[in-house]
Amino acid sequence: MIKIRVDEFRGSDSKAELFNLKGNDQLPVSIVAQAESMYRMHNSAEEPMSIEELAADRKVSVTHVRKLLKVHTAPEALKGLIVKGVVAYYAALDVMEKYPDNCVAIIQEAFDKFGKATDKNHWSGPSC
2 MIKIRVDEFR GSDSKAELFN LKGNDQLPVS IVAQAESMYR MHNSAEEPMS
52 IEELAADRKV SVTHVRKLLK VHTAPEALKG LIVKGVVAYY AALDVMEKYP
102 DNCVAIIQEA FDKFGKATDK NHWSGPSC
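Be aware that the sequence shown starts at 2, since it is given in my numbering, and climbs by one per residue.
None of these hints come from the bench; they were simulated from the model.
In this text, a Cβ means the ideal position worked out from N, Cα and C, and glycines have one as well.
Just so you know, not all the hints are guaranteed correct.
Listed next, the in silico SDA-like pairs over lysine to any residue satisfying Cα-Cα at most 20 Å (straight line) [to be verified]:
1. K99 / R67
2. K71 / V30
3. K85 / P49
4. K68 / E110
5. K71 / N44
6. K68 / A78
7. K60 / P76
8. K71 / E53
9. K85 / A56
10. K99 / F112
11. K60 / P29
12. K71 / S45
13. K68 / Y100
14. K99 / S62
15. K85 / F115
16. K68 / E98
17. K114 / G81
18. K60 / A34
19. K114 / G86
20. K68 / L94
21. K60 / H43
22. K68 / A56
23. K71 / D58
24. K68 / V84
25. K68 / K114
26. K68 / P101
27. K68 / S31
28. K68 / S38
29. K99 / H73
30. K71 / M97
31. K85 / G116
32. K60 / K85
DEER-style ranges, computed between Cβ atoms [what the hints assert, rightly or not]:
33. F115 / I5: 44 to 50 Å
34. I52 / K85: 46 to 52 Å
35. E47 / F115: 40 to 46 Å
36. N103 / A34: 23 to 29 Å
37. K68 / I3: 41 to 47 Å
Make the full structure from the sequences, and use the hints.
Right under this line is the structure:
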């Protein structure tokens, strides 16, 4: 019989969320999952973390954290496209900002025509 040691985590929900997020560095989590986790930590009723604290703990820039927090506001369909690798999260945010009502359709159409939108083959918007 194999025994597995399990230790109970003691601390706030935010600290548990951060612990889980850091632990997943060994098995990478999607950018959307990271964004959702950071959103929960930032908006925790018990122990909210500032954008600066999140950036320092994750060893990323404040700008990166701000962009990840915007991913949380994206429509679920757009998050799905990001997770599937159809579009990079930063390109998705750009399109969402310019075309909030039909960003998913625009990105899907662009992907069907040109492939993944990245900084190497940046697509600037609909041709209409």
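These are the hints, each one checked on the structure:
1. K99 / R67: This hinted pair holds, its Cα atoms lying about 18 Å apart.
2. K71 / V30: Cα-Cα ~17 Å, so holds.
3. K85 / P49: violated, 30 Å
4. K68 / E110: Answer violated: K68 to E110 is near 24 Å, above 20 Å.
5. K71 / N44: holds, 13 Å
6. K68 / A78: Answer holds: K68 to A78 is near 18 Å, not above 20 Å.
7. K60 / P76: violated, 27 Å
8. K71 / E53: holds, 15 Å
9. K85 / A56: Outside the cut-off at roughly 25 Å; violated.
10. K99 / F112: Distance of about 17 Å is within 20 Å: holds.
11. K60 / P29: holds, 15 Å
12. K71 / S45: holds, 17 Å
13. K68 / Y100: Within the cut-off at roughly 17 Å; holds.
14. K99 / S62: violated, 24 Å
15. K85 / F115: Holds: K85 and F115 sit about 16 Å apart, inside 20 Å.
16. K68 / E98: holds, 12 Å
17. K114 / G81: Holds, at about 19 Å.
18. K60 / A34: holds, 17 Å
19. K114 / G86: Holds - the C-alpha atoms of G86 and K114 are around 15 Å apart, at most 20 Å.
20. K68 / L94: holds, 8 Å
21. K60 / H43: holds, 16 Å
22. K68 / A56: Between K68 and A56 the Cα gap is close to 11 Å, so the pair holds against 20 Å.
23. K71 / D58: Holds, at about 19 Å.
24. K68 / V84: holds, 15 Å
25. K68 / K114: violated, 26 Å
26. K68 / P101: Satisfied, since the Cα-Cα distance of roughly 16 Å is no more than 20 Å.
27. K68 / S31: Given that 20 Å is the threshold and the Cα spacing comes to 14 Å, the pair holds.
28. K68 / S38: holds, 13 Å
29. K99 / H73: Satisfied, since the Cα-Cα distance of roughly 17 Å is no more than 20 Å.
30. K71 / M97: Answer holds: K71 to M97 is near 10 Å, not above 20 Å.
31. K85 / G116: holds, 13 Å
32. K60 / K85: violated, 25 Å
33. F115 / I5: 44 to 50 Å: holds, 48 Å
34. I52 / K85: 46 to 52 Å: The hint (46 to 52 Å, Cβ to Cβ) is violated, given that I52 and K85 are roughly 28 Å apart.
35. E47 / F115: 40 to 46 Å: 45 Å Cβ-Cβ, so the 40 to 46 Å window holds.
36. N103 / A34: 23 to 29 Å: Hint holds: Cβ distance 25 Å, inside 23 to 29 Å.
37. K68 / I3: 41 to 47 Å: holds, 42 Å
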